[in-house]
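There are 2 protein chains.
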Amino acid sequence: MNVGFVGLGLMGRPMALNLLKAGHAVSVWARRVDSVQPLVDAGATACASPAAVASRSEAVVTIVADAPDVEQIALGADGIADGAAPGLVMIDMSTIAPAAAKALSSRLAERGVTMLDAPVSGGEAGAIAGSLTIMVGGDEAAFGRVRPLFEAMGRSITYIGASGAGQVAKACNQVLTGVGIASVAEAMNFARHSGVDPAAVREVLTGGLANSRILENHAARMLARNFAPGFKSWMHLKDMRIVLDEAHRLNVALPSAAVAAQLYAAMGGAGLAEEDSVAVLKVFERMGGNPEDIT
Amino acid sequence: MNVGFVGLGLMGRPMALNLLKAGHAVSVWARRVDSVQPLVDAGATACASPAAVASRSEAVVTIVADAPDVEQIALGADGIADGAAPGLVMIDMSTIAPAAAKALSSRLAERGVTMLDAPVSGGEAGAIAGSLTIMVGGDEAAFGRVRPLFEAMGRSITYIGASGAGQVAKACNQVLTGVGIASVAEAMNFARHSGVDPAAVREVLTGGLANSRILENHAARMLARNFAPGFKSWMHLKDMRIVLDEAHRLNVALPSAAVAAQLYAAMGGAGLAEEDSVAVLKVFERMGGNPEDIT
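Sequences listed follow chains C and E, in order. Taking my numbering as reference, the numbering of the first sequence is continuous, increasing by one, and the terminal residue is 295. Taking my numbering as reference, the numbering of the second sequence is continuous, increasing by one, and the terminal residue is 590.
Since the hints were derived computationally from the structure, they do not count as laboratory data. Owing to the predicted nature of the structure, the values given are computational and were not obtained by experimental measurement. Here a beta-carbon is modelled for each residue, glycine too, at the ideal position from N, C-alpha and C. It cannot be assumed that every hint is accurate.
[As the list claims (entries may be wrong)] With the Cβ distance kept under 7 Å, some of the chain C side facing chain E (calculated, not the full set):
#1 VAL33
#2 VAL36
#3 VAL40
#4 GLY43
#5 ILE128
#6 ALA129
#7 MET135
#8 ILE160
#9 THR206
#10 ASN211
#11 PRO229
#12 LEU250
#13 VAL252
#14 ALA253
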């Protein structure tokens, strides 16, 4: 398929490479020239603007930081809408607010572009391995047409529902992972302050109802004091802010998510924004005295 | 082994039956005669007091509601300490505060009784199947001697550390399950209010990093609107109160657990105390309007 790709960051670059590997003809644009070169070396065509990318493509993937970036690329000067032939499918794989995704989809529809929201989970490792979880909202027929693109980038691909539904699923994912990591850190810290080996606690709990992928993976990284991202805590905070804003808009309470977001905000204040979310453990450790003093 | 059993409730009865099935000679006492009869029918010996149970036993299992009950059975008039031969091992499988377990263990040691704290997870179903997770604190040599008893009642048996360590592990278990169930309910309610099918969200999230045994089991029960216990919410609240009291004593913050406990407390106010913890979903539903009105 002739496919465009805009947004060649930590996630986008390996995803675009996987599209090339799967045999698709990939046109790319990025603000920074040095982001483009590795893709050109691998066989992609560099374009002068998102509009130029769109003019060569049946579908364009976007994956950028936040909703204003998506808007600029899609609807700004020389944006995707400016170059799109009628029926172009724009696949936004960024994590943005469900309401923003719906609004962009409506405005793009007026320009003849069908937008899908298709945020991912699985991180940089999943992007490289082509094993991302992809949650898709929008027109189901368009989803069917571009499914081969998703299959080149992800392993678990699910159509959730109408426009915005992919972002809602991603929002729920960020709630459960954000709360999960915070509560595991809290429990590990409690065990240590109680004079009990947190590794022994983690081990026994993985055998029971409390088990989760976060207890398996993230708790092990906490115990190994491996705080390298992974997923930077400021990005987790950004995603949780999106969810909380949406919840306020809907007048829906998310008390656990709100508490977890405050802990990730505290990480920023403690100089831990660039560390992985698992470093929330340090927030708990810094609250208290020296756990070695406590038995 | 000659083993005593005190506390023949929902959990204790099937656990005592599993000890009988494994070939142990079981002596029992309970406040209510009709709790004793099914065990006698299965081959157990009824005794007149905890002291009488202890006098016939090398080890006595206790599993009752809270610390004052354990204290009464162990150290009250005609309690276990009154009938114990030197070296008796008392195995308390109740969920009580780690500090209470340590204090009881010290007082029993003065009477020649070695106490292990060995709380369980896995619920009534695990008690019946003999598949409980058992977390043990106390003297390690005593743990080794009574291990065959644990093997008759549980599948995953872990020695955590010194006296109280089993209760600390159980406390961490209750934090992670309590917070986990509340956050899953919150996410499912958010999806529904966003106009998205919570079942589709649950399905895609089980494939990724957000997956947990609670997302697999408890979320499915929420979606099926199956709120029958299981594990009654007032018992979950009791366990979380124990953890929070202990955290206050240690000056350790448990913010996620504190929020979850408030939600379980709200369940009591909403007449949901006797329902399973998964009915915390109804607390979120009752906060908002009719989700069918929201798109």
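Tested hints:
1. VAL33: For VAL33/C, the interface hint is violated, since the closest Cβ of chain E sits about 34 Å away, which is over 7 Å.
2. VAL36: Interface hint status for VAL36/C: violated (30 Å vs cutoff 7 Å).
3. VAL40: violated, 32 Å
4. GLY43: Because about 30 Å separates GLY43/C from the closest Cβ in chain E, which is outside the 7 Å limit, the hint is violated.
5. ILE128: Hint on ILE128/C: violated, closest Cβ of chain E at ~16 Å, above 7 Å.
6. ALA129: This hint is violated: ALA129/C lies away from chain E, its Cβ roughly 13 Å from the closest one there, beyond 7 Å.
7. MET135: holds, 5 Å
8. ILE160: It holds, given that the least Cβ distance between ILE160/C and chain E is near 5 Å, below 7 Å.
9. THR206: violated, 9 Å
10. ASN211: Since chain E brings a Cβ to about 5 Å from ASN211/C, closer than 7 Å, the hint holds.
11. PRO229: Given a least distance of 14 Å, the restraint on PRO229/C is violated.
12. LEU250: Result: holds, 5 Å to nearest chain E Cβ.
13. VAL252: For VAL252/C, the interface hint holds, since the closest Cβ of chain E sits about 5 Å away, which is under 7 Å.
14. ALA253: At 6 Å from the nearest chain E Cβ, ALA253/C passes the 7 Å test, so the hint holds.
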